[in-house]
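The task is simple: from the sequences and hints, build the whole structure.
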Amino acid sequence: MKITKLTTFIVPPRWCFLKIETDEGVTGWGEPVVEGRAHTVAAAVDELSDYLIGKDPRNIEDIWTVLYRGGFYRGGAIHMSALAGIDQALWDIKGKALGVSVSDLLGGQVRDKIRVYSWIGGDRPADTARAAKEAVARGFTAVKMNGTEELQFLDSFEKVDLALANVAAVRDAVGPNVGIGVDFHGRVHKPMAKVLMKELDPYKLMFIEEPVLSENYEALKELAPLTSTPIALGERLFSRWDFKRVLSEGYVDIIQPDASHAGGITETRKIANMAEAYDVALALHCPLGPIALAACLQLDAVCYNAFIQEQSLGIHYNESNDLLDYVKDPRVFDYDKGFVKIPNGPGLGIEINEEYVIERAAVGHRWRNPIWRHADGSFAEW
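Numbering of the sequence shown is given in the working numbering, commencing with residue 15 and proceeding in unit increments.
No lab work stands behind these hints, which were simulated from the structure alone.
Think of the CB as a built atom: it goes at the ideal place given N, C-alpha and C, for glycine as much as any other residue.
Straight-line Cα separation of at most 20 Å, DMTMM-like style, residue types lysine to aspartate or glutamate; simulated pairs:
hint: 1; residue 1: K204; residue 2: E263
hint: 2; residue 1: K173; residue 2: E395
hint: 3; residue 1: K204; residue 2: E232
hint: 4; residue 1: K110; residue 2: E38
hint: 5; residue 1: K33; residue 2: E369
hint: 6; residue 1: K16; residue 2: E75
hint: 7; residue 1: K173; residue 2: E213
hint: 8; residue 1: K212; residue 2: E236
hint: 9; residue 1: K147; residue 2: D186
hint: 10; residue 1: K208; residue 2: E172
hint: 11; residue 1: K218; residue 2: D175
hint: 12; residue 1: K33; residue 2: E368
hint: 13; residue 1: K355; residue 2: D339
hint: 14; residue 1: K204; residue 2: D215
hint: 15; residue 1: K33; residue 2: D64
hint: 16; residue 1: K19; residue 2: E35
hint: 17; residue 1: K173; residue 2: D141
hint: 18; residue 1: K127; residue 2: D343
hint: 19; residue 1: K212; residue 2: E232
hint: 20; residue 1: K204; residue 2: D267
hint: 21; residue 1: K33; residue 2: D343
hint: 22; residue 1: K342; residue 2: E365
hint: 23; residue 1: K33; residue 2: E373
hint: 24; residue 1: K208; residue 2: E232
hint: 25; residue 1: K235; residue 2: D256
hint: 26; residue 1: K208; residue 2: D267
hint: 27; residue 1: K258; residue 2: E229
hint: 28; residue 1: K212; residue 2: E163
hint: 29; residue 1: K16; residue 2: D64
hint: 30; residue 1: K208; residue 2: D175
Computed spacing ranges between beta-carbons, pair by pair:
hint: 31; residue 1: P205; residue 2: A179; range: 17 to 25 Å
hint: 32; residue 1: E290; residue 2: I67; range: 30 to 38 Å
hint: 33; residue 1: D390; residue 2: V114; range: 54 to 62 Å
hint: 34; residue 1: F167; residue 2: G90; range: 20 to 28 Å
hint: 35; residue 1: L112; residue 2: I372; range: 24 to 32 Å
hint: 36; residue 1: L176; residue 2: G122; range: 43 to 51 Å
Listed below in structure tokens is the structure:
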């Protein structure tokens, strides 16, 4: 079997899909994307395709190694996301060629379903409690929210009080037994993280995500002792080498690699296994499309330390299209009582509606994340 063609599709609301074709008629799908940089990642896929044409797609480990190590400059969001989508599509091809799921190829399932959570917003937090109640009414047993608006390095206790009131409103709305993840989104600097993390303890959160930006990871040495809430991060880390220090220093309880950013199924599995050796849980990042979610679920099936899965159904970013629009059978993502079943069809376990993908790719997108500024005019982290 030989790879004959790679085609990328920029589709609404903010995704990029990849189709890899072979000379035996077996095709695979991946989702290589960085939110807000979809066209850049597609260009990187095109550059990497020079090596791929004519190669046997089933030699996944060797292809991954060459696509990563074959360039003098390596790693980072764009390169690893392009490699991720390619890797997902290669696993999809291999599974389809053999008539088995990716989780079967990876050793077989340790679970047949996984708990999922619903995003309830929080960027501008007026309606977050209402959204939380609606999510619970749809069967979700866990939600995640952005914890604050923009914060200066040192900011007012008025903003702290607003953040606490928002979390309190969600807790009151959903009761004591629904999990709440609070995402600081990297928009909180260390001085204010010290305040917020301590003040949030009474709300018995499921986790605090990205309490500081990953490039300021050393701050966790000071921050972790201030809270009993588990600390999660990892969506802006892209390889096992990025996670090595995070795991070895021991201040993180949950890692959140993204299988469309962190080198695909091949690399994310290795990251997850590293975390298991440190008794660290896995909650894969995935506010993306159906191919990305399918890849995550195949990993969740085989990673013992996976405990919950992010997914984008109804997320506030999905304005023109939503998670289930591009799959032929939406029932493949079988949501029930706060869980989703692992798709067990061949490859990634989903069938993409290619005609609809082509139709929506004609529309495309140029999604960009918001640019925020503080009252003094300086840039604010979103």
